[in-house]
Amino acid sequence: MKKYWHVINIGIQNNLTYRFNFLARAIFGLVPLVAILYVWKTIYNGNGSGSRVGTYSLPEMVSYYVLITMVDALTAVNEDDWQIAADIKDGNISQFLLKPIDYLWYRLCLFLSGRVTYVAVATLPLCLFAVYLHRYFMLPANGAAFGCFLISTVLTALLQFFTSYAMAMLAFWVLEVSTFIFILYAFEYVASGHLFPLDILPRWLEQALYFTPFPYQLYFPVSIYMGKTSGPDLARGLLIQGAWVIAAYFLARFAWRRGIRHYSAVGG
Amino acid sequence: MKSETRNPKPEETGHASRITRHASRYLSIYAALWKNSVAREMGFKGNFLLWIVVELLWFGLQLSFIGVLYLHTEHIGTWTKWQVVMLIGASHFIQQIFQAFFLINCTNLSELVRSGKLDFLLLLPVNTRFVVSLRQVDLGAFVNAGSAVALMAYAARQLHLAPSVTQVLGFLGLCIAGVAIHYSLMFLLASISFWTVRAQGIVWGYYNLFNIARMPDEAFRGLFKIVFTFAIPMLLVSNVPVRLLADKIESPRPILLLLAMSVVCFCVSEWGWRTSVRRYTSASS
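One line per chain: the protein sequences are A and B, in this order.
Each residue of the first sequence is one higher than the last, beginning at 164 in our numbering.
Each residue of the second sequence is one higher than the last, beginning at 1267 in our numbering.
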């Protein structure tokens, strides 16, 4: 167990070297968010005061995007998938086959340290942003909802990580994985609620999305926070999210085992 | 690098022939670079096609967002649905043309600095900015630009537009100004790598700014609008050309502003580049 603490520690130090990079990401990332909020505000104004889009009033819509940004900062896979793919391609994983350290847990530690650093750096701009929008920003529906939100956020992070890990395993078979990663990311981007709340979609489409893991990669925790998902739906949702995490974990393990059989240490 | 400025007062005829000689020399260099890029792309055909799929997917994704927005409203400011579709098409077109010629080269700059490979380019007897900016051509981007044109044509039909030849030519001219703005700003950002070495975060950040270019300008107000019109003119880049094409323009002022901003951006980026190169200390070991 101790060795993994070391990994986290080293990971944080490594990431802090590039704190300026992280800060640039956090600040630049807010720009399109502000732009989308402006567009929504114009739409609400055009529809008349007090109007709603789906079930959302303007303050709810603003809160939605702020929350999405926060959960995204806590859970998004940053460069982990590229690094894993590069490790495989360059033969760097050979050393992990010899050492008493598990590559998946090793990467998970690095992912965690990456998130810790990112949140540390991004907190200031994000908080300033939330304060700036405080008139619109909503508190969680209730304490229990907030607890479930936190649990769900952790599950979201794990789901994101295991999916990316499994995706990066493609590097065992193909030379260039970035296209595949981008294709998956495109689906994630729209179907996980990054661009707009999923419940303003036509009902049938929203229902269809719930058969995929995508809503559980971002949208679900936010919908808990806002009280859009509660009661039996909430319990069932958390179970399904947990099931997706386990499924993604086994997929990642399976892909690794198959990949190792295919692997012929290049370089290293 | 500064060979053009060495003789301030050459004879008239000599000057003209020198310019043509220069131009033809640079054109032949550029042709060679093109040949290299084609050969490189054709080495990875599957990958080449997959990148086109990726771009199409993201393009579709932006359209789906607009589709969702217009499920809940009739117009954003005065922009109707098909006008915004046209805006997205134009924005994609400009972005793809920029990508075809410049993007990879801008993002590669930080790598050139980090690895010290810039040494070899500085030694070549041509303008360094020219080689650094145009070394590789992204051929797939031309295909994607084609899809953007198809979308714009479709949107124009939905709007019952019949733009005149002047409008179309004006549109293309403004698109070139837009590409120049994207290129200048991206190159300026990439030059920061002379200071921080790992500038991917900054370059990636510019991707976020593309997002603003495809939003209708009327949605914005206050400081945001001022910054993204006069400092980082993202709100002009594709909004002005589309306004010209869709008969949404009242005065020539935005057109002049876009043209002026493209010149300003280019000059600033040239200044930034020169200042940065002066700081360059080779990193090779």
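Since the hints were made in silico from the structure, they are not lab data.
Where hints are given, some of them may not hold.
Partner residues are not named here, just some residues of chain A that face chain B (Cβ under 7 Å, in silico) [to be verified]:
1. V194
2. L200
3. T205
4. N210
5. G211
6. G213
7. D250
8. L333
9. W336
10. T342
11. I344
12. L347
13. Y348
14. A349
List time: in silico BS3-like cross-link candidates among lysine-lysine, alpha-carbon distance up to 27 Å [claimed, not checked]:
15. B:K1311 to B:K1491
16. A:K252 to B:K1491
17. A:K204 to B:K1491
18. A:K262 to A:K166
19. B:K1491 to B:K1347
20. B:K1383 to B:K1347
21. A:K204 to B:K1383
22. A:K262 to A:K252
23. B:K1301 to A:K204
24. B:K1383 to B:K1491
25. A:K252 to B:K1514
In this text the structure is predicted, and so the values were computed from the model without any measurement.
Glycine included, every Cβ here is placed at the ideal spot set by N, Cα and C.
Hints and how they fare:
no.	hint	verdict
1	V194	holds (5 Å)
2	L200	violated (10 Å)
3	T205	holds (4 Å)
4	N210	holds (6 Å)
5	G211	violated (11 Å)
6	G213	violated (15 Å)
7	D250	violated (18 Å)
8	L333	violated (12 Å)
9	W336	violated (13 Å)
10	T342	holds (4 Å)
11	I344	violated (9 Å)
12	L347	violated (10 Å)
13	Y348	violated (9 Å)
14	A349	holds (5 Å)
15	B:K1311 to B:K1491	violated (43 Å)
16	A:K252 to B:K1491	violated (45 Å)
17	A:K204 to B:K1491	holds (14 Å)
18	A:K262 to A:K166	holds (12 Å)
19	B:K1491 to B:K1347	holds (22 Å)
20	B:K1383 to B:K1347	violated (48 Å)
21	A:K204 to B:K1383	violated (48 Å)
22	A:K262 to A:K252	holds (19 Å)
23	B:K1301 to A:K204	violated (49 Å)
24	B:K1383 to B:K1491	violated (40 Å)
25	A:K252 to B:K1514	violated (52 Å)
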